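S.K.: Letter by letter, the chains look like this.
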Amino acid sequence: MNRADLQTMAQREQEKQARFQCRLLCCASTPCLSSGGAAVQQALQDAIKESEASAEVAVVSTGCMGPCSRGPVVTVQVQGEDDVYYENVTPETARQIVADHALAGQPVQEKLLPSDLPFFAKQTKVVLSNSGLIDPERLEDYVARGGYLALAYALREMTPEEVCVEISQSGLRGRGGAGYPTGLKWDLVRKAPSDKKYVVANGDEGDPGAYMDRTLMESDPHRVLEGMAIAGYAVGAEQGFIYVRGEYPVAAKRLERAIRAAERRGLLGSRVLDSSFSFRIDIRIGAGAFVCGEETALMASIMGRRGQPVPRPPYPAQSGLWGHPTLINNVETFGNIVPIIEHGAQWYAGIGTEKSKGTKIFALAGKVENTGLIEVPMGITLREIVFDIGGGIPDGREFKAAQTGGPSGGCIPPQFLDTKVDYESLKALGSIMGSGGLIVMDDQSCMPDVAKFFMEFCMDESCGKCVPCRVGTVQMYRILQRITDGSATLQDLENLEDLCTMVRETSLCGLGQSAPNPVLSTLKYFRNEYEDHIERRTCEAGVCEMTEVPVMALVEELPRRIRAAA
Amino acid sequence: MLCVLAHKDWDFLSIAKETLAMQPPRTRTQREVAPAEHPSGDPRFALIDRTLKRFRFQQDALIEVLHTAQEAFGFLEEDLLLYVARQLKLPPSWVYGVATFYHFFSLKPQGEHNCIVCMGTACYVKRAAEIVATLQAAYGIEAGHTTPDGKFSLNTARCLGSCGLAPVLIVDGEVLGRETPEGTLAAVQAAVAGKAAPKVAVSANGVDEEVELP
Ligand SMILES: Cc1cc2nc3c(=O)[nH]c(=O)nc-3n(C[C@H](O)[C@H](O)[C@H](O)COP(=O)(O)O)c2cc1C
Ligand code: FES
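Protein sequences appear in the order of chains A and B.
Numbering-wise, the first sequence is residues 1 to 566 according to this note's numbering.
Numbering-wise, the second sequence is residues 1 to 214 according to this note's numbering.
Among these hints, one or two may not hold up.
[To be verified] Here are the in silico distance ranges between beta carbons for each label pair:
#1 A:ARG397 - B:ALA190: 27 to 35 Å
#2 A:GLY146 - B:GLN189: 47 to 55 Å
#3 A:ALA178 - B:SER40: 46 to 54 Å
[As the list claims (entries may be wrong)] Below 27 Å or equal to it, Euclidean Cα-Cα: the simulated DSS-like pairs (lysine-lysine) are:
#4 A:LYS253 - B:LYS53
#5 B:LYS53 - A:LYS196
#6 B:LYS89 - A:LYS465
#7 A:LYS420 - A:LYS524
#8 A:LYS355 - A:LYS122
#9 A:LYS420 - A:LYS122
#10 A:LYS465 - B:LYS108
#11 A:LYS125 - A:LYS355
#12 B:LYS89 - B:LYS108
#13 A:LYS191 - A:LYS355
In case anyone wonders, no lab produced these hints; they're calculated from the structure.
Everything numeric in this text was worked out from a predicted model, so none of it was measured.
All C-beta atoms, glycine included, are put in the ideal place defined by N, C-alpha and C.
Make a model of the complete structure from these sequences and hints.
M.R.: In structure tokens form, the structure reads like this:
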């Protein structure tokens with residue numbers, strides 16, 4: 001297939017879609033399916049068949065549309081009109097939508113989602129621009145929306161060096177957490193001398209409470225593949241790997257199909273788009289280890305070994321998979337490549353703040369009205385995310401903290417709600433951008449218990465290679481356990497702080513280095529809660545049971561307990 | 001439950017001798033001899049062999065092979081690990097090390113019914129711990145364990161990726177969102193009491209359909 005064939009294919013598909021007077025887009029990603037999406041889709045199809053309208057009305061099963069807590073979601077696209085969203089659709093509503101809206105043009109009022117909802121209005125869809133509008137299992141749908149044209153353009157009009165320059169100028173930074181400039185990384189790999197290089201997409205997404213990468217892989221797999229192919233061309237690699245978390249079988253299946261479809265049409269594989277560039281992509285399925293998100297551990301896992309990190313340098317860009325230079329980027333980073341090539345670096349650099357360009361996808365969850373997947377321009381304030389897009393805290397409760405960056409991040413208290421969300425500001429607050437999980441907590445969350453929760457996570461996930469992380473996390477967990485059961489002393493608090501510094505400074509990889517972050521940030525902003533737990537043995541949020549007493553207080557406590565038991 | 005290999009075929013000493021001589025991360029691309037039919041005649045081994053062939057017996061494919069093995073057998077028995085070690089010419093210690101490193105691989109059989117409760121951050125904030133505590137109390141087992149009668153396993157997960165529906169859990173493969181401790185207990189009791197087919201291993205039928213035997 002060459003560029004002209006690609007355009008013909010796009011045109012044919014566009015014409016085919018234009019023949020339908022109305023298209024019903026039905027979300028088929030995990031959250032909507034778990035709230036009954038499959039039955040809704042069946043009902044839509046049955047209703048269309050019954051009214052013999054198959055020629056005018058089409059049902060498309062798409063990826064995620066965003067408002068996951070309101071699922072199942074159905075979008076109605078009538079020619080010449082704006083898209084209309086329906087929430088909490090049941091099979092009955094589905095039949096009504098077909099009869100009233102699709103065929104008679106009368107929207108069904110009660111389940112309608114207002115289109116001026118801040119949830120939609122405040123978002124900027126760059127990476128997710130196709131998500132929820134195309135059928136992820138059909139290559140034609142992606143091509144009809146301009147898919148693979150960016151790859152064709154890069155292959156024909158740009159040299160690998162120019163691609164790297166374009167990415168550098170766009171200001172794109174890695175979305176995997178640390179925010180390393182992507183263009184710089186590409187250029188390093190491009191310049192590394194080797195006859196063999198690799199491109200790896202990091203789709204391990206171990207941060208609990210984050211599911212952006214999964215949604216992108218499930219809703220728009222070809223965009224990730226196209227981004228990887230452009231990267232392969234830019235750095236001179238012929239083989240790519242995409243590492244998908246084991247918990248995401250649907251994403252792996254869709255990627256597998258997408259790769260096969262693209263290979264069949266000559267968009268991947270040997271001689272991509274009739275050029276001299278060849279690029280193969282293979283999938284590797286993870287097996288449930290958080291540390292495999294770390295780049296050196298991820299490479300060990302791709303090579304079939306225990307996912308234990310190794311010290312850097314050498315960086316993967318110098319010596320990665322099987323000793324060859326390897327480019328590792330997050331899945332969302334690859335999702336940004338196509339829009340940059342398509343619209344140009346200038347356009348992309350116009351979105352966001354001075355040092356953080358573009359948009360970021362967040363998985364908004366926890367105690368907010370609207371949970372779901374959102375894509376916002378960098379520099380938006382936390383308040384806008386939580387209160388405008390998220391719709392505020394349910395049940396009239398009070399906002400207490402927003403947690404970003406998962407087990408490597410921290411909790412941001414209410415006084416910083418007006419902080420702009422970008423790499424530097426979040427770091428200054430003691431948290432990190434992370435991969436994009438944003439969990440809102442209300443006054444029912446106890447901060448020492450939150451810190452304990454993340455410490456338990458790091459303790460379980462520590463790979464055991466270096467002592468500070470393996471032993472330090474256990475000791476920190478034990479102290480936090482004592483704080484939350486009432487048997488801690490002020491000395492424990494001091495030890496905890498010492499341990500935090502020690503583990504942060506001396507661990508081998510990012511897991512250990514960032515494991516103390518949740519403790520440090522909660523200590524910084526919610527120290528009074530720690531002191532309440534220790535000095536007054538009370539938990540304001542009512543989470544901790546505080547049944548134990550410090551060892552030294554046992555002398556007084558024991559007779560009381562014996563009396564109570566008698 | 002499974003005794004797929006007769007131990008006389010697989011004495012540890014000779015395996016150890018054979019594998020000790022090898023340097024682990026050596027990549028072998030081609031095996032000289034085609035794998036013989038498995039002595040136990042269990043068709044599920046054909047599935048493993050197919051994956052082995054697909055990856056041309058490369059030692060790097062160990063995790064893929066273990067995935068297939070676990071899918072076919074439900075869990076990774078010691079015999080199974082030895083079989084994989086032998087086919088890939090890796091030391092058993094290497095295979096055991098990888099199998100025990102990753103949470104996904106289970107070396108113990110799973111119960112007939114299972115419930116996976118998400119303990120990710122979003123679910124934790126929505127009090128998933130209370131759900132786990134309720135189930136633990138009701139069945140007298142810790143998370144990650146199976147009841148002595150092999151009927152029910154309780155597991156926890158790190159995030160099921162449906163955080164919008166927190167707290168989330170999976171009962172026998174069905175995802176349930178916005179659950180309460182009482183609701184979960186009822187759902188689990190219904191699943192355990194119901195005569196739903198065991199979900200663990202691929203049934204003999206399924207295998208026959210899937211494998212093209214030569
Ligand atoms: C403990 C740990 C876990 C990580 N988990 C992930 C992850 O789940 N996804 C990811 O893309 N990067 C993760 N990273 C970051 C990667 O090491 C790496 O920096 C990233 O994939 C680079 O891609 P980027 O430049 O596009 O951000 C993790 C790092 C550490 C230390
Ligand atoms: S935290 Fe439970 S599904 Fe994500």
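S.K.: Each of the hints needs a verdict: does it hold here or not?
M.R.: Here is how each hint holds up against the structure:
no.: 1; hint: A:ARG397 - B:ALA190: 27 to 35 Å; result: 33 Å, holds
no.: 2; hint: A:GLY146 - B:GLN189: 47 to 55 Å; result: 52 Å, holds
no.: 3; hint: A:ALA178 - B:SER40: 46 to 54 Å; result: 49 Å, holds
no.: 4; hint: A:LYS253 - B:LYS53; result: 21 Å, holds
no.: 5; hint: B:LYS53 - A:LYS196; result: 24 Å, holds
no.: 6; hint: B:LYS89 - A:LYS465; result: 25 Å, holds
no.: 7; hint: A:LYS420 - A:LYS524; result: 20 Å, holds
no.: 8; hint: A:LYS355 - A:LYS122; result: 21 Å, holds
no.: 9; hint: A:LYS420 - A:LYS122; result: 15 Å, holds
no.: 10; hint: A:LYS465 - B:LYS108; result: 25 Å, holds
no.: 11; hint: A:LYS125 - A:LYS355; result: 20 Å, holds
no.: 12; hint: B:LYS89 - B:LYS108; result: 24 Å, holds
no.: 13; hint: A:LYS191 - A:LYS355; result: 25 Å, holds
When held up to the earlier numbered hints, the structure conflicts with none and fits them all.
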